[in-house]
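Below are the chains, spelled out letter by letter.
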Amino acid sequence: MSLLVSGAASATAAPAASFSGWIGIADARLQRDRLVVLDQATLRVREPRAGGARGPVAFTYHRTGTFEVGLNRTRLRFDRAAFTERLAIRSSAGSLAGGRLAADDEDYLVIAGGRAVAPPVVWCCTPDGTEVVVESDGRADAPRVIGGGIDGDRVRLVLRGADGSVILRSSAPGRLADADAPDGSRTDAVLGINPGDGLVDIDRGRMVWSDDPDGGVVWIAVPSDAGPGPAVAVGVPGTVHRLWAAAGGGVVLTRQGLVWRVYRLTPAPSRRLVWAGRQRPVVGVGNGSVAIAEGRRILTSRGGRARRVATARGPVPALTADGDRVAWFERMRRRERNGWTRRTVARLGRVR
Amino acid sequence: MTRRVTGRWRTGAVCALLALAPASGAGAVAGIQDDRLPNLSGAELQERLGLLAGTGTPLTRVDVLWRRVAPTRPTDPRNPDDPAYDWSVYDQIMLGLAARGIRPILDFYGTPPWASTRGGTSAAPPPVHAGMFAGALARRYSGTWRTAGGVLLPEVREIELWNEPNIPLFWRPQCRSGPGRRYVPVAATRYAALADASVREIRAANQDAIVIGGVAGPSGNLDDRGKVCRTGSESVSAGSIIAQLRRNGVRIDAWSQHLYPIGPPARAVFFPGWPTLPRLAPMLDRLRPGMPVYVTETGYHTSYNRYHRYFVTEAQQARWLGETFRLADRTPRVVATVWFNLQDNPRWTGGLLHADLTRKPAWDTFQGIAPATATRTTS
Numbered sequence: 108m109s110l111l112v113s114g115a116a117s118a119t120a121a122p123a124a125s126f127s128g129w130i131g132i133a134d135a136r137l138q139r140d141r142l143v144v145l146d147q148a149t150l151r152v153r154e155p156r157a158g159g160a161r162g163p164v165a166f167t168y169h170r171t172g173t174f175e176v177g178l179n180r181t182r183l184r185f186d187r188a189a190f191t192e193r194l195a196i197r198s199s200a201g202s203l204a205g206g207r208l209a210a211d212d213e214d215y216l217v218i219a220g221g222r223a224v225a226p227p228v229v230w231c232c233t234p235d236g237t238e239v240v241v242e243s244d245g246r247a248d249a250p251r252v253i254g255g256g257i258d259g260d261r262v263r264l265v266l267r268g269a270d271g272s273v274i275l276r277s278s279a280p281g282r283l284a285d286a287d288a289p290d291g292s293r294t295d296a297v298l299g300i301n302p303g304d305g306l307v308d309i310d311r312g313r314m315v316w317s318d319d320p321d322g323g324v325v326w327i328a329v330p331s332d333a334g335p336g337p338a339v340a341v342g343v344p345g346t347v348h349r350l351w352a353a354a355g356g357g358v359v360l361t362r363q364g365l366v367w368r369v370y371r372l373t374p375a376p377s378r379r380l381v382w383a384g385r386q387r388p389v390v391g392v393g394n395g396s397v398a399i400a401e402g403r404r405i406l407t408s409r410g411g412r413a414r415r416v417a418t419a420r421g422p423v424p425a426l427t428a429d430g431d432r433v434a435w436f437e438r439m440r441r442r443e444r445n446g447w448t449r450r451t452v453a454r455l456g457r458v459r
Numbered sequence: 055m056t057r058r059v060t061g062r063w064r065t066g067a068v069c070a071l072l073a074l075a076p077a078s079g080a081g082a083v084a085g086i087q088d089d090r091l092p093n094l095s096g097a098e099l100q101e102r103l104g105l106l107a108g109t110g111t112p113l114t115r116v117d118v119l120w121r122r123v124a125p126t127r128p129t130d131p132r133n134p135d136d137p138a139y140d141w142s143v144y145d146q147i148m149l150g151l152a153a154r155g156i157r158p159i160l161d162f163y164g165t166p167p168w169a170s171t172r173g174g175t176s177a178a179p180p181p182v183h184a185g186m187f188a189g190a191l192a193r194r195y196s197g198t199w200r201t202a203g204g205v206l207l208p209e210v211r212e213i214e215l216w217n218e219p220n221i222p223l224f225w226r227p228q229c230r231s232g233p234g235r236r237y238v239p240v241a242a243t244r245y246a247a248l249a250d251a252s253v254r255e256i257r258a259a260n261q262d263a264i265v266i267g268g269v270a271g272p273s274g275n276l277d278d279r280g281k282v283c284r285t286g287s288e289s290v291s292a293g294s295i296i297a298q299l300r301r302n303g304v305r306i307d308a309w310s311q312h313l314y315p316i317g318p319p320a321r322a323v324f325f326p327g328w329p330t331l332p333r334l335a336p337m338l339d340r341l342r343p344g345m346p347v348y349v350t351e352t353g354y355h356t357s358y359n360r361y362h363r364y365f366v367t368e369a370q371q372a373r374w375l376g377e378t379f380r381l382a383d384r385t386p387r388v389v390a391t392v393w394f395n396l397q398d399n400p401r402w403t404g405g406l407l408h409a410d411l412t413r414k415p416a417w418d419t420f421q422g423i424a425p426a427t428a429t430r431t432t433s
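The listed protein sequences derive, respectively, from chains A and B.
Each residue of the first sequence is one higher than the last, beginning at 108 in our numbering.
Each residue of the second sequence is one higher than the last, beginning at 55 in our numbering.
The hints are simulated quantities; they were obtained by calculation from the structure and are not laboratory data.
All values derive from a computational prediction rather than experimental measurement.
Mixed in with the good hints there might be a few duds.
Listing some non-contacts, in silico: residues in chain A with all C-beta distances to chain B over 12 Å [as the list claims (entries may be wrong)]:
id: 1; residue: Ala-120
id: 2; residue: Arg-187
id: 3; residue: Ala-200
id: 4; residue: Asp-211
id: 5; residue: Glu-238
id: 6; residue: Ala-279
id: 7; residue: Gly-322
id: 8; residue: Arg-412
Derived CB-CB ranges, DEER-like [stated by the list, open to error]:
id: 9; chain 1: B; residue 1: Glu-209; chain 2: A; residue 2: Glu-213; range: 53 to 59 Å
id: 10; chain 1: A; residue 1: Asp-287; chain 2: B; residue 2: Arg-230; range: 27 to 33 Å
id: 11; chain 1: B; residue 1: Glu-209; chain 2: A; residue 2: Asp-304; range: 57 to 63 Å
id: 12; chain 1: A; residue 1: Glu-213; chain 2: B; residue 2: Arg-284; range: 35 to 41 Å
id: 13; chain 1: B; residue 1: Pro-336; chain 2: A; residue 2: Arg-441; range: 39 to 45 Å
Virtual Cβ for every residue (Gly too), placed ideally from N, Cα, C.
Here chain B stands alone, though its shape is the one from the complex (with noise of 0.2 Å):
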């Protein structure tokens, strides 16, 4: 049985890739994120990093999870110092990736309990709290903050605002029904909030520092017309967010987009993809004139997971990934790409290496491109 796509989506979709400039020709770092990293600790941690590091890569993505970081409430909650903090794990981990030479871009998000009214993880926070929480995380990673054992820690310029607010898995709730079953974008309006108040708190805390706003997930489409809120899980879409942040005023210095295309790399037309990244262009010029994007999550699982529900073979994904990051080059705004993850786990099956550590074709492949990446710069 075959059948045909259709949809909005079809519309000039691969036109948009083709119609590309040429690379300006500095290319897109490559990195890869390693989930596990804030699991682990001691020499378990090291070894770990030391297996990151194997790669090649320059570049990586850590999840700061800030209900781990912060399981009660602050009372000095822009002190990094505050008691209730625990960064024990992050401070080894960022020492132990300038060790390495690896940088990294930090994600922060995980709403702890005492923030939301029902305890969960993925409750829309206040935003006042969340940007005090940014604020302290940009002044303990800023190069000027010691531990408590007089360790100096390193700079990290590169800072996330949450991750995916626009799916349900990671911020609630996405929308409610307005006037006339009128979708009304309500994670939009409160990750907006979120943002202004973390780009305030950041940029108090580190001047130098890059707050990447956005980090949409592959979901939403470009925009939210003719969406029903139904269940107040329907996804906000990248426009809707781009469009509030514009409305609030809020001075993000780049815009971070998840791709997990279904199909090759260059010829994945549902957005968000390769081909139709570039529909973005317009509304991010109106935050900021040429505004960077980074790609902080790209993949191709390589069997089946309830979380992408698509997989390719392990010699496609190999293939695939070596595309990914020649389209990353070619592509002028995408100043950084991150493929997600080092490790297979029963969640996610994109990695490098499968659940028992052995190594997919892909490895090779990423280990042959990341390392020549490494003079390019995201600034």
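This is chain A alone, in the form it adopts within the complex (with noise of 0.2 Å):
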């Protein structure tokens, strides 16, 4: 996939770094030295048949994975113009689409998207740069991956099984001295939630989700090996859609009616607006932040009410925060002597 990467590679800092063409932005994590982003495509393979033979031959295959571009020394600019592709997972069982990623400071897990079989889930990296493959089961059978995330040296991850059951699946990828060998700190706990498919999330000691996402409640508690401990319910008005889970709590996306809305929730219980509107916004969360694509104007907040720190100059379909920093991508279009090309170009920005 080096052909998607552009952009010439720099010794300076460059405010910006863009893929040719659109890609299909999954989800994007900045970490202290580095912007990582989840991408998704399917992949048309054409070929012309032999002889002059009507039709061409074609089959289809899709791929996920991450690309990552480092930072400057502020943290506040690329070190360089191109993105580098880390992790590929490619299949042609079905899509891979719908994917998350999850992410401390150092390391990240890919939560590969898909329902024709169970999603793979790759951590990334030891040291020397190995992924360690933390799930990855072909059966039919196999339980399936609903959510989760990272959680101080462990990584969590809740699973719904064939027969509906729900278990939170704790290991530690990065103690692991041989990447292919079996996790011994492995422990699994039997869960009395439902949460719908993406509607729980996990995040440096915090876990949230919602199974009932109509009624609009949201359980906060603390995830551990043996489960999460007492949960505390929080009331949204609306359908719940999203959610994520963030320093002091969660952070969800509902709809009533006509209305959007992004809701900073916390164990007291309490929920604290961040943004209202009558267009699906973009959201990204990290670190106490949340960022949120408003059309083309990127909103941030730390804590109150969502502002604006910048005007994309191109659809935005992906952003994310981690602190004081905002990251953003702008699906763009230049006109060059051989016609138009598009690129997507991520951006970084402070948050207000």
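Using the hints, put the two standalone chains together into the complex.
See below:
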């Protein structure tokens, strides 16, 4: 996929890093020294048949994977203008769309999407750059990961079995001496919850879920190997569409009638409105900050209502935040000598 | 999001397959490898050999790990009875396979600590040492050698020279940067020297041996044009290895190519795949006209692993296994095709069996194909 990446590497800091084309960004995360993008694509391979026979030979396969770009010392500029491919998961089993990234300052976790098979989960990476495959089971009745994240040195995943049972699986891929060895520290805890797909998230000592999204109830708890501790319910108006675990509690995207809202939740219990509008926003959460793309307007929040920090030059397919920084992606078109070209450009800004 | 794949590999890829001549009539022998065999012994090994035989396979491939057979440097390396050698597991395997009517292809690799400066298993070995080990291997399984207990060991005719020397996992370094940042395929040069030494030693041990070279992994493309060597790990192409074998005048009997296609077997247009395999033919003809091809590894994974990064469903695996062996039959130079592997493990998920030994649908497909190929010949 190196064809995808464009932009000349530069010794000086770059204000933007880009891909050629409009890539399908499933998720993105800002870490201390890099920006990670999870992309997804369906690749159609077409070849002419031999001897002038009619019709091409064609087949399709699916891909999801990560691209990374480093940040310079200010952590508000890129160290070069190009992304580098890191992980690649390819399959003919079915689409891998809808994946999620979880991250801490150093490592990240790819939870691939897809419904055809149980999606794999990959942790990246050991000091020598080796990935660890945390979950990979191709059996038709394999349990499916419906959410998860990084919690200190533990990776915690919520899986639903074919019989509907839900477990919290904890492991420590970062402690493995051999990336392919079984994880002796792995534990499974049976949960008495039933969250919808994508309606459970874990991050740095918080677990949030909703098993009644239409009822507008979100639960917040502290996860452990034995399962979540005592959970606190927080009510929100409307239907829960997506949620994120975050420092201090969680963030939830809801819809009530025509109005979309983003709330910050705490286990007090309390909720605080971050943003409301009539257009579904693109939301990114990280390290206590919330970033929202309202059309081309980039807004951020450290605690209160979201405030505008920038205006993108094109549609924003994804964005993410990390404490005092925000990163967003713009879909650009540029006229060149041989016609219009498309680019996906990443930019960085400060959270207000 | 839909993206169209482009690149140099596209040109004429599928055309080559469709332009193939009709099957020669002989067809290819179907086999399967079980990479656990060298890790077992005694009753466990016998049970495992029974499991392998249960697939109905007439052919298998056995990894002979040089560093395990020769953990210390032999004083008389051509002599299989040198005290430094430990063949005990391999003797059991060869006898067990012979008893079950399964023909093995032996594949030696894995540099012993004493044969490299840093002791790495993938370090390019001194060609002379590797050649003498190949000679000892061929001599021990030449059909004339007896164990210390007087048991006559079976003859093994097909011997592969190393495993995937064009992949840094098995051979380092792959390349260096030459003048003008030119890509210099050092793995090809060193491998050709190893092949040269090995061919001479194997022939001296068993004149009837079939020496299979290349054993090229699914990486590095057909040639090295346009490549840049940055880390020394950028894979060497099959074309460079063939060219170097020709330059050195190495007389291998057959070429081995590993195929792990992305996409259905007949449509997988990346090199190497079934449609692109015939592109090797003109190059191989320069080594020896009509040189046969062994596909000593192929397969499809049914869940993600970090070594291949591409997976299919179990139903697809079963269907495409059938297509694989049908394509092998229609490809005239291909004399044998070996599915890798028998059982899943965390590193490799292309088995006919899950890690817990339950069968995937591909087991039945293989069982329905392999036994009928037993009467075919590779020579």
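Closest CB-CB distance from Arg-412/A to chain B, is it above 12 Å? holds, 33 Å
The output says Glu-238/A does not contact chain B. Does that hold with a beta carbon cutoff of 12 Å? violated, 5 Å
So is Arg-187/A really clear of chain B, every C-beta pair being over 12 Å apart? At roughly 15 Å from the nearest Cβ of chain B, Arg-187/A sits farther out than 12 Å, so the non-interface label holds.
Nearest-CB test (12 Å) between chain B and Asp-211/A: Answer for Asp-211/A: holds, closest chain B Cβ roughly 21 Å.
Beyond 12 Å from every Cβ of chain B: is that where the Cβ of Ala-200/A lies? violated, 5 Å
Is the nearest CB of chain B more than 12 Å from the CB of Gly-322/A? holds, 34 Å
May I ask you to test the hint 35 to 41 Å on the CB atoms belonging to Glu-213/A and Arg-284/B? violated, 25 Å
12 Å Cβ clearance of Ala-120/A from chain B: holds, 23 Å
Is the gap between the beta carbons of Glu-209/B and Glu-213/A within 53 to 59 Å? At roughly 56 Å between Cβ atoms, Glu-213/A and Glu-209/B fall inside 53 to 59 Å, so the hint holds.
With 12 Å as the threshold, tell me whether Ala-279/A passes as away from chain B on beta-carbon distances. holds, 16 Å
Hint says 57 to 63 Å; check whether the CB-CB distance for Glu-209/B and Asp-304/A agrees. Holds, at about 58 Å.
CB-CB spacing for Arg-441/A and Pro-336/B relative to the 39 to 45 Å hint: Given about 44 Å between the Cβ atoms, the range holds.
Going through the hint list in order, the structure does not satisfy hints 3, 5 and 12.
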